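Peer 1: Chain residues, written in single-letter form:
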Amino acid sequence: AQSVTQPDIHITVSEGASLELRCNYSYGATPYLFWYVQSPGQGLQLLLKYFSGDTLVQGIKGFEAEFKRSQSSFNLRKPSVHWSDAAEYFCAVGGRAAGNKLTFGGGTRVLVKP
Amino acid sequence: GAGVSQTPSNKVTEKGKYVELRCDPISGHTALYWYRQSLGQGPEFLIYFQGTGAADDSGLPNDRFFAVRPEGSVSTLKIQRTERGDSAVYLCASSSGTGETQYFGPGTRLLVL
Chain E
1 AQSVTQPDIH
11 ITVSEGASLE
21 LRCNYSYGAT
31 PYLFWYVQSP
41 GQGLQLLLKY
51 FSGDTLVQGI
61 KGFEAEFKRS
71 QSSFNLRKPS
81 VHWSDAAEYF
91 CAVGGRAAGN
101 KLTFGGGTRV
111 LVKP
Chain R
115 GAGVSQTPSN
125 KVTEKGKYVE
135 LRCDPISGHT
145 ALYWYRQSLG
155 QGPEFLIYFQ
165 GTGAADDSGL
175 PNDRFFAVRP
185 EGSVSTLKIQ
195 RTERGDSAVY
205 LCASSSGTGE
215 TQYFGPGTRL
225 LVL
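Protein sequences appear in the order of chains E and R. Following this note's numbering, the numbering of the first sequence begins with 1 at its first residue and continues without gaps. Following this note's numbering, the numbering of the second sequence begins with 115 at its first residue and continues without gaps.
These are calculated hints, taken from the structure and not from any lab test. Treat the hints with care, as some may be off.
Stated by the list, open to error - Only some residues are given here: those of chain R computed to face chain E with a beta carbon under 10 Å:
| no. | residue |
| --- | --- |
| 1 | 117 |
| 2 | 141 |
| 3 | 149 |
| 4 | 154 |
| 5 | 165 |
| 6 | 175 |
| 7 | 177 |
| 8 | 179 |
| 9 | 182 |
| 10 | 190 |
| 11 | 202 |
| 12 | 213 |
| 13 | 217 |
| 14 | 219 |
| 15 | 225 |
All figures in this text were calculated on a predicted structure; none of them were measured in a lab. Backbone N, C-alpha and C define an ideal beta-carbon position, used for all residues, glycine too.
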């Protein structure tokens with residue numbers, strides 16, 4: 001069975017500081033990995049995805065993520081956060097073996113201090 | 115172009131009533147997914163359509179839940195005899211095919227009183 005763990009429920013970061021959100025997954029075949037962001041009352045917006053190839057993936061809004069197969073991780077990073085980055089972030093795993101139905105982690109809520 | 119749309123955006127109903135939630139996918143997308151997001155949790159898979167047929171309905175919690183996609187475009191999620199535990203945000207997503215990126219709609223917030 002596939003699963004995703006996001007160990008940090010809440011993270012508080014100062015504006016301009018760096019941010020790293022952790023994601024560990026379990027999947028029996030080649031995974032497809034995603035990070036989505038959800039602002040209050042909004043749907044899910046795709047930040048970036050990994051299907052294959054280069055393990056360092058660039059996304060929108062200055063985010064990047066690195067796929068580490070040996071650690072079953074897909075951590076999200078941003079060098080300098082903006083107040084508008086305050087939101088909830090979800091990591092998800094899927095793949096062709098599962099019809100690409102996604103399994104999501106529990107989310108990490110990011111608060112940005114001025 | 116237009117994204118995934120869902121109607122209604124909010125639905126309040128009483129315990130025991132029947133509700134229908136609608137999803138309009140991105141034009142041309144053949145795959146359509148339904149997820150449910152309870153408060154403070156990540157979305158959970160319910161059902162997935164490839165074309166008109168349900169390719170995987172393993173996430174439907176019980177037989178009160180049913181979904182259709184008769185013409186391979188719009189989908190309706192139907193919940194019979196609603197219970198308070200059904201209160202959640204129901205999210206729809208579509209993709210251009212199995213294994214491709216899913217794009218989500220804004221969701222329908224269902225409250226069962």
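Peer 1: All hints, please: hold or fail.
Peer 2: Outcome of the hint check:
Interface restraint check: residue 117 of chain R against chain E, minimum CB-CB distance 9 Å, threshold 10 Å, status holds. The closest approach between the C-beta of residue 141 of chain R and any C-beta of chain E is roughly 18 Å, which is over the 10 Å cut-off, so the hint fails. Taking 10 Å as the C-beta contact cut-off toward chain E, the hint placing residue 149 of chain R at the interface holds, the least distance being around 8 Å. Interface hint status for residue 154 of chain R: upheld, as the beta-carbon distance to the closest one in chain E is roughly 8 Å, under 10 Å.
Hint status for residue 165 of chain R: violated, given a least beta-carbon distance of 13 Å to chain E, over 10 Å. A distance limit of 10 Å between C-beta atoms decides the matter here; for residue 175 of chain R the minimum to chain E is near 15 Å, and the interface restraint is violated. For residue 177 of chain R, the interface hint is violated, the least distance from its beta-carbon to any beta-carbon of chain E being 20 Å, above 10 Å. At a threshold of 10 Å, the smallest CB-CB gap from residue 179 of chain R to chain E is about 16 Å, leaving the interface hint violated.
The interface hint given for residue 182 of chain R is violated, since its Cβ lies 18 Å from the closest Cβ of chain E, which is over the 10 Å cut-off. For residue 190 of chain R, the interface hint is violated, the least distance from its beta-carbon to any beta-carbon of chain E being 18 Å, above 10 Å. Because the smallest distance between the Cβ of residue 202 of chain R and any Cβ of chain E comes to about 14 Å, over 10 Å, the interface hint for this residue is violated. Because the smallest distance between the Cβ of residue 213 of chain R and any Cβ of chain E comes to about 5 Å, under 10 Å, the interface hint for this residue holds.
Annotation: interface hint on residue 217 of chain R holds; nearest CB of chain E at approximately 7 Å, less than 10 Å. Evaluation of the residue 219 of chain R hint against chain E yields a held restraint, the C-beta minimum of about 6 Å falling below 10 Å. About 14 Å separates the beta-carbon of residue 225 of chain R from the nearest beta-carbon of chain E, more than 10 Å, and the hint is not met.
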